[in-house]
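Student: The primary structure of each chain is shown beneath.
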Amino acid sequence: MYDSGKILTGLVIFLFLITFPFWYNLGQASYEPPDLVLPEDSQQCIEPTQWMRTNHMELLNTWRDMSVREGLTTFVSTSGESMEISLQKTCMDCHTDKVNFCDECHNKAAVSPYCWDCHIAPEEVANGQ
Amino acid sequence: MFEKALRGDRRYWAWIILLLAVMGIGSIFYILQLVQGLTVTGMSRDVSWGFYIAQFTYMVGVAASAVMLVLPFYLHNAKQFSRMVILGEFMAIAAVIVCLGFIVVDLGQPQRLFNVVLYPTPNSILFWDMIVLNGYLLLNIIIGWSNLSAENKRLPHPQWVKPLVYLSIVWAVSIHTVTAFLYQGLPGRHYWLTAILAARFLSSAFCSGPAILLILALIVKKVAKYDPGEKAVQTLATIITYAMLINVFFFLLEVFTAFYSNIPGHTHTLAYLFTGLHGAGSLVGWMWVMAVCAILCLVLLVPPKFRKKPELLVPGLILLIAATWIDKGLGLVVGGFIPNPFESITEYAPTIPEIMISVMIYATGLLVLTVLWKVAIGVKKETGSA
Amino acid sequence: MDNNRRTFLKIAGFSVALGLGGGIPLSLQAYTPADVEYVPTNAQITGKRWGMVIDTRKFTKPEDFQRVIEACHQTHNVPDIQGNEEIKWIWTDHFEQVFPSSSNPYLAERYEQQDFLLLCNHCNTPPCVRVCPTKATFQRPDGIVMMDFHRCIGCRYCMAGCPYGSRSFNFSDPKPYVQNLNPDFPARMRGVVEKCTFCAARLEQGQMPACVEASNGGLIFGDLSDPDSEIREVLRENFTIRRKVELGTNPCVFYIV
Chain A
-3 MYDSGKILTG
7 LVIFLFLITF
17 PFWYNLGQAS
27 YEPPDLVLPE
37 DSQQCIEPTQ
47 WMRTNHMELL
57 NTWRDMSVRE
67 GLTTFVSTSG
77 ESMEISLQKT
87 CMDCHTDKVN
97 FCDECHNKAA
107 VSPYCWDCHI
117 APEEVANGQ
Chain B
9 MFEKALRGDR
19 RYWAWIILLL
29 AVMGIGSIFY
39 ILQLVQGLTV
49 TGMSRDVSWG
59 FYIAQFTYMV
69 GVAASAVMLV
79 LPFYLHNAKQ
89 FSRMVILGEF
99 MAIAAVIVCL
109 GFIVVDLGQP
119 QRLFNVVLYP
129 TPNSILFWDM
139 IVLNGYLLLN
149 IIIGWSNLSA
159 ENKRLPHPQW
169 VKPLVYLSIV
179 WAVSIHTVTA
189 FLYQGLPGRH
199 YWLTAILAAR
209 FLSSAFCSGP
219 AILLILALIV
229 KKVAKYDPGE
239 KAVQTLATII
249 TYAMLINVFF
259 FLLEVFTAFY
269 SNIPGHTHTL
279 AYLFTGLHGA
289 GSLVGWMWVM
299 AVCAILCLVL
309 LVPPKFRKKP
319 ELLVPGLILL
329 IAATWIDKGL
339 GLVVGGFIPN
349 PFESITEYAP
359 TIPEIMISVM
369 IYATGLLVLT
379 VLWKVAIGVK
389 KETGSA
Chain C
716 MDNNRRTFLK
726 IAGFSVALGL
736 GGGIPLSLQA
746 YTPADVEYVP
756 TNAQITGKRW
766 GMVIDTRKFT
776 KPEDFQRVIE
786 ACHQTHNVPD
796 IQGNEEIKWI
806 WTDHFEQVFP
816 SSSNPYLAER
826 YEQQDFLLLC
836 NHCNTPPCVR
846 VCPTKATFQR
856 PDGIVMMDFH
866 RCIGCRYCMA
876 GCPYGSRSFN
886 FSDPKPYVQN
896 LNPDFPARMR
906 GVVEKCTFCA
916 ARLEQGQMPA
926 CVEASNGGLI
936 FGDLSDPDSE
946 IREVLRENFT
956 IRRKVELGTN
966 PCVFYIV
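From first to last, the protein sequence lines stand for chains A, B and C. The opening residue of the first sequence carries number -3 in our numbering; numbering runs sequentially from there. The opening residue of the second sequence carries number 9 in our numbering; numbering runs sequentially from there. The opening residue of the third sequence carries number 716 in our numbering; numbering runs sequentially from there.
None of these hints come from the bench; they were simulated from the model. Keep in mind that the hints are not guaranteed to be accurate.
[Claimed, not checked] Lysine to aspartate or glutamate pairs mimicking EDC-like chemistry, simulated, CA-CA at most 16 Å apart:
| id | chain 1 | residue 1 | chain 2 | residue 2 |
| --- | --- | --- | --- | --- |
| 1 | C | 850 | A | 120 |
| 2 | B | 317 | B | 17 |
| 3 | B | 170 | B | 159 |
| 4 | A | 85 | C | 899 |
| 5 | C | 850 | A | 61 |
| 6 | A | 94 | A | 66 |
| 7 | C | 959 | B | 17 |
| 8 | C | 890 | A | 66 |
| 9 | C | 763 | A | 66 |
| 10 | C | 763 | C | 945 |
| 11 | B | 317 | B | 238 |
| 12 | C | 763 | C | 938 |
| 13 | C | 776 | C | 808 |
| 14 | A | 85 | A | 120 |
| 15 | C | 890 | C | 801 |
| 16 | C | 850 | C | 863 |
| 17 | B | 316 | B | 238 |
| 18 | C | 890 | A | 119 |
| 19 | C | 763 | C | 857 |
| 20 | C | 890 | A | 120 |
| 21 | B | 233 | B | 390 |
| 22 | C | 773 | C | 830 |
| 23 | C | 890 | C | 800 |
| 24 | B | 230 | B | 11 |
Between the sequences and the hints, there should be enough to build the whole structure, so can you do that?
Tutor: Structure follows, in structure tokens:
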């Protein structure tokens, strides 16, 4: 082929870059969930912990649409418990420490949800806003 | 064919680098706007649309104007346009990209842009604007590229493109009508609430777009030694002249209705724009410059003998572009918001970041235009075609 | 060479289709706990068509207005921004600005001197809802013109569409401008439009709108479709006007002047 030197070099660089995430962390310790400050007064979240870990994002999205758009503001969980659909009034009622709970996992997983661009974390109120 | 844009002389590459540099500087200001919000612009609670949307409106007109070449050439066999049509189609592509760019920089939450597609809302004209603009972009890309590609291989235009061409003629009218509908259906904005707005938009588009095209084509004639042909220039200049006459006429119709009826909703904005109202009048100077430019350009363009002289045609076209740009790009949007719903006035002027971001978008359009025209002219010259 | 390229493209296209086709059902079955419910709250105040009457005779002193405005803005974390980028959900203005078509140069003294409250009229045929491209502002079955701040793309078409100037845009981050953050209600971020929501969130929890509660009877809020409601009685017994009726928006905020 024409320009085979340039093409093969380019191909090698491309493969190097595109497989980077897979081989860069080889041999390092596996992902460990960070230490979280759990709420003192409750043992169990509204749903089982493992389910919440994987699904709290989708749950919050559904809560948002049900509450704001459909006007259905009470959630009945799988255990039959009813609660008000509200990030600030329900979730953060127990999880009062955003920095040592929410942010710990989010920072380690390198995600930045935009919830608190609008919603108010308990610390903001405490800091005398 | 794209490789034709990768070969050029020093001036070509200097121009490309200049455009990229301008885009780079503008993008710094855009990042500032993303971080701080639209407070970096001059918009306010009362004037909630400003320079960005005004430029968008003007460029939709420029994009639609390709139809002024496509219609005569494909429907009526106006062979004199054979070396110009592709320039028009490619300019439409660049213009639509500029439009989309201005919409994106105007949004408060641009990362949510896809919501317009995810939650289609047929009762919203903005939804239809998104559809027609993107459709028109796609049409022009397909039509322009396939036809040019065929010419490159010294083949006749493919038959399957013909129905798309006819569609694009209707579609061109629709994009600017839909854009006018954005404005003319709003019950609270009396400067815009008029059926003739769509007609005014189209007439303004059909003179300003081809005028811009003609100026750019004359520049390219000097710079790239590509001559679209004297017949093409003269026919287009004639079309531009008639369109401008209709455009000015429509504007004067608005003035009559407003001032003869004396209805405040109609008179107040025109009074603000041309004489100032309640002590506010930052656009008065601009509007009278527009009036003078419009009259002068007609003086230079209407007599056929003047149109034939490039030293009169070119200033005439530049005056026309200035007049239509002030009308749509400055007066229209701001005028709709002044006076506000409480009959008081909050004035507007674009800020430096706003202007720099707008320059970035225009530079992007010019970059697209340069690359596409380089390809088109390269093909046309190589195939020595008519 | 051409045939090989065609085959390559066919295989590539087929693989993409297979990947997408396989991925979508797999991801769908991950979520959805089967036995949860979303229901309206028991305490909810229901109505078929909410409306409000502003008894302007009861708003005579500045404190009357301030109480009402502060109740609203405090409850909803509305920022206090000075200048032309201000955000206001409920505010005051003079008669000429509120009712331009009813004004005259020889206005009675009481109307010359007094201020009038303005807010979103929660129109029955709202132009803002008609123009929103994402349904971020939408009309609820009970008539409230609601805002979904999560969906708003900040295009401000609704602001151009509203003939009453009821909507405000967050030109910058509002949180620094909020005096006391209310932990029971979110704020907004820069880039979205906001306005009065007739306290839909409070209605759902069984509370009257904040402004109505703070108004000492100056604001009457109720169900316009219920002929036995207080608001209908007030409307029967008092002459009321609305803003810019000629525009076809059917506003549901009435003023006893």
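Student: Now tell me if each hint is right for this structure.
Tutor: Here's how the hints hold up against the structure:
For the hint linking residue 850/C to residue 120/A, the alpha-carbon distance of about 31 Å lies beyond 16 Å, and the restraint is violated. Among the hinted pairs, residue 317/B with residue 17/B is inconsistent with the structure: their alpha-carbon atoms are about 30 Å apart, more than 16 Å. This hinted pair checks out: residue 170/B and residue 159/B have alpha carbons roughly 15 Å apart, not beyond 16 Å. For the hint linking residue 85/A to residue 899/C, the alpha-carbon distance of about 6 Å falls within 16 Å, and the restraint holds.
A hinted pair counts as satisfied when its Cα atoms are at most 16 Å apart, and residue 850/C with residue 61/A qualifies at roughly 12 Å. Restraint check for residue 94/A and residue 66/A: not satisfied, since their Cα atoms lie roughly 28 Å apart, outside the 16 Å limit. For the hint pairing residue 959/C with residue 17/B, the CA-to-CA distance comes to about 63 Å; that exceeds 16 Å, so the pair is violated. Between residue 890/C and residue 66/A the alpha-carbon distance is near 27 Å, which puts this suggested pair outside the 16 Å criterion.
This hinted pair checks out: residue 763/C and residue 66/A have alpha carbons roughly 15 Å apart, not beyond 16 Å. The straight-line distance between the Cα atoms of residue 763/C and residue 945/C is roughly 14 Å, inside the 16 Å bound, and the hint therefore holds. For the hint linking residue 317/B to residue 238/B, the alpha-carbon distance of about 11 Å falls within 16 Å, and the restraint holds. Taking the CA atoms of residue 763/C and residue 938/C, the gap is near 6 Å; set against the 16 Å cutoff, the hint holds.
Note on residue 776/C and residue 808/C: the hinted pairing holds, with a Cα-Cα distance of about 14 Å set against a maximum of 16 Å. For a cut-off of 16 Å, the pair hint linking residue 85/A to residue 120/A stands: about 14 Å separates their Cα positions. Note on residue 890/C and residue 801/C: the hinted pairing holds, with a Cα-Cα distance of about 13 Å set against a maximum of 16 Å. Taking the CA atoms of residue 850/C and residue 863/C, the gap is near 8 Å; set against the 16 Å cutoff, the hint holds.
At roughly 9 Å between alpha-carbon atoms, residue 316/B and residue 238/B fall within 16 Å of each other, so this suggested pair holds. Straight-line distance between C-alpha atoms of residue 890/C and residue 119/A comes to about 14 Å, which keeps the hinted pair within the 16 Å bound. Distance restraint check for residue 763/C and residue 857/C: the Cα-Cα separation of roughly 5 Å lies within the 16 Å cut-off, and the hinted pair is therefore satisfied. Restraint check for residue 890/C and residue 120/A: the C-alpha separation of about 10 Å stays at or below 16 Å, so the hint holds.
A hinted pair counts as satisfied when its Cα atoms are at most 16 Å apart, and residue 233/B with residue 390/B qualifies at roughly 13 Å. With a C-alpha separation of about 11 Å, the suggested pair residue 773/C and residue 830/C falls inside the 16 Å cut-off, and the hint holds. Distance restraint check for residue 890/C and residue 800/C: the Cα-Cα separation of roughly 14 Å lies within the 16 Å cut-off, and the hinted pair is therefore satisfied. Restraint check for residue 230/B and residue 11/B: the C-alpha separation of about 22 Å exceeds 16 Å, so the hint is violated.
Of the numbered hints given earlier, the model fails hints 1, 2, 6, 7, 8, 24; all others are met.
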